[in-house]
Amino acid sequence: MTQLPFILIKMSKISEQDIRKLASLSKLKLSDVEVNIYQKELTSIVAYIEQLSNVDVNGLDPTSQVTGLRNVTRVDELIDYGVSPAELLKNAPSKKDNQFKVKRMIA
Amino acid sequence: MNWDSIEKIAENVSSGKVTAETLVNKSLAMIDDTKEYNAILSVSKTRALERAREIDAKVKNGEKIGKLAGVPFIAKDNFLTFDTPTTASSHMLENFHAPFQATAIVRLEAAGAIMVAKSNLDSFAHGSSTENSAFGPTLNPSDKSKVPGGSSGGSAAAIALKIAPFALGTDTGGSIRLPASFCGVVGFKPTYGLVSRYGVVAMASSTDVIGPITSTVEDAALVLDVMSGKDQFDGTTIDRDTKTYDGKPTNLNGVKIGVVKEFFSSGIDDEVKKVILDNVERMKAHGAEIIEVSIPSISLSLACYYVLVPAEVSSNLSRYDGQRYGLSDATAKNLDESFEKSRAAGFEAENKRRIMIGTYVLSSGYYDAYYKKAQTVRTKLINEFNKVFEEVNYLVGPTAPMTAFEIGKHVDNQLQMYLADIMTVSANLVGIPSISIPVEKANGMPVGLQLMAPQKADRDLLALAAAIEGQKE
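These protein sequences, in sequence, are chains A and X. FYI, in the working numbering the residues of the first sequence are 1 to 107. FYI, in the working numbering the residues of the second sequence are 1001 to 1473.
Okay, chain A solo, but in the shape it has when bound:
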């Protein structure tokens, strides 16, 4: 199979520090080995997407919705989703008094 060509505009190197920061923002615990691997992989992926930086988009607005829908509203009334709180809590790892139980947030 032929390899498809892609343009590397500039290699902005992602540092080990960057990966640790991204992992922390993403709430992912990474091992040192993983940090190393992701540093290499993200560097090449970011280099690939950087080809967008040279594209002329003068006079164009960004698109976030493609079918032209705006402000889809509904009447403010109770909808019966047919699901009870007990059913929703069935998958909870920890619960108490019909509520989700989580670890203490404020020390």
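The hints are simulated quantities; they were obtained by calculation from the structure and are not laboratory data. Any given hint could turn out to be false.
Each computed EDC-like pair below joins lysine to aspartate or glutamate, with the alpha-carbon atoms no more than 20 Å apart [said to hold, decoys possible]:
1) X/Lys1380 - A/Asp61
2) A/Lys40 - X/Asp1412
3) X/Lys1058 - X/Glu1021
4) A/Lys96 - X/Asp1329
5) X/Lys1162 - X/Asp1032
These figures come from a predicted structure and were not determined experimentally.
Fit chain X to the supplied structure of chain A, relying on the hints for placement.
The following block gives chain X in isolation, referenced to the frame of chain A:
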């Protein structure tokens, strides 16, 4: 063992000629016979047989069932369903049992269809080969050493293996069409918003769509007809066509079909190119007007996609925090550690990669350079498609630049893996309908021909695809 057309199956069940129970049992037997392919993750045996017997009893009572009476189907394991777990092929949701069903499932069941099993996918639908599944890859039915494509690889393989008459997939950047192409079946990606996504595990909300994988275009149209239309639980849904989506072939005479130049430039496998161009010649012989068109920004679409989709992924996957459902680390000493350890154990490498790329492009200082820029390049791409659609009714090209590749070939090179989607992502970014239909083989493996139409022209696109499907010699 083949299946009749969906229309015929429903007719036979409705008239009492065949029982739904027989059909479900046939499907269950096929699941047992094809286990080595790892297309199926879980089976809904009890509920499927119960529903089949209910339907058969109703038929005996003279009650009317619906358009899909007794038709067994497979749902990709990112659709919330009763009875089976909904895992998204992840350890995160390995033991998750949905408290409600997806709208698509509800509508199909109301029409008499019976879900028999859930199919394998790349974890959280992140991938192009189904190798990113937490439960092992699915094997290609045409060659077990090759991937089935992804992310709906289990669904496409299930149809190629004749496990059921139809399967459901999701398509964020090609996840229905690519595996359909690699496995030699029909895969349809509708206009953005035509099918409700309520109750489907979200990946990238601005491009995610739901669609059918089938053996024929007509079958795909029938399934779409049942699933499509507005849903109060999904605010992005749009009105469906007032006419039935029937997938009856149109006449090619005078139809203007644009051959997208960029799809045939460097990088495409020679044999794939020949098969597609032979088909284009045949369309011409049947009266279609073939016009070469250019959409220059297609060359940017993959880079655009790999900014926007990880950004949306990082946001959508933040809900998996190990507190309300899903994998939860029991050793964590505080809440933050519970988030970090649960997510580390619940996600596959590709999930983590995309979450971090998304977090990167959305970071303060980078947002304008990456995310906003990609959204603006998206506008440029949309404008170019709109302009071309002033000149032609449809677009044609290959679904993928290659046929199915060997298992393991690209697992260590994400960019090469991402390039499998280079011809499919544009339709997602523009929100238009697109279909992959099997044509002749190349390198001994199936090839998909891709057709695209303007937004909301789903009905016409299916009619065109049916005509091209019929012209195979």
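Going down the list of hints, with the structure as the test:
Note on X/Lys1380 and A/Asp61: the hinted pairing holds, with a Cα-Cα distance of about 9 Å set against a maximum of 20 Å. At most 20 Å may separate the alpha-carbon atoms for a hinted pair to count; A/Lys40 and X/Asp1412 meet this at roughly 11 Å. Of the supplied pair hints, the one linking X/Lys1058 and X/Glu1021 holds, its CA atoms being roughly 13 Å apart against a limit of 20 Å. Taking the CA atoms of A/Lys96 and X/Asp1329, the gap is near 18 Å; set against the 20 Å cutoff, the hint holds.
Proximity of X/Lys1162 to X/Asp1032 is assessed by CA-CA distance (about 12 Å); at most 20 Å being required, the pair is judged to hold.
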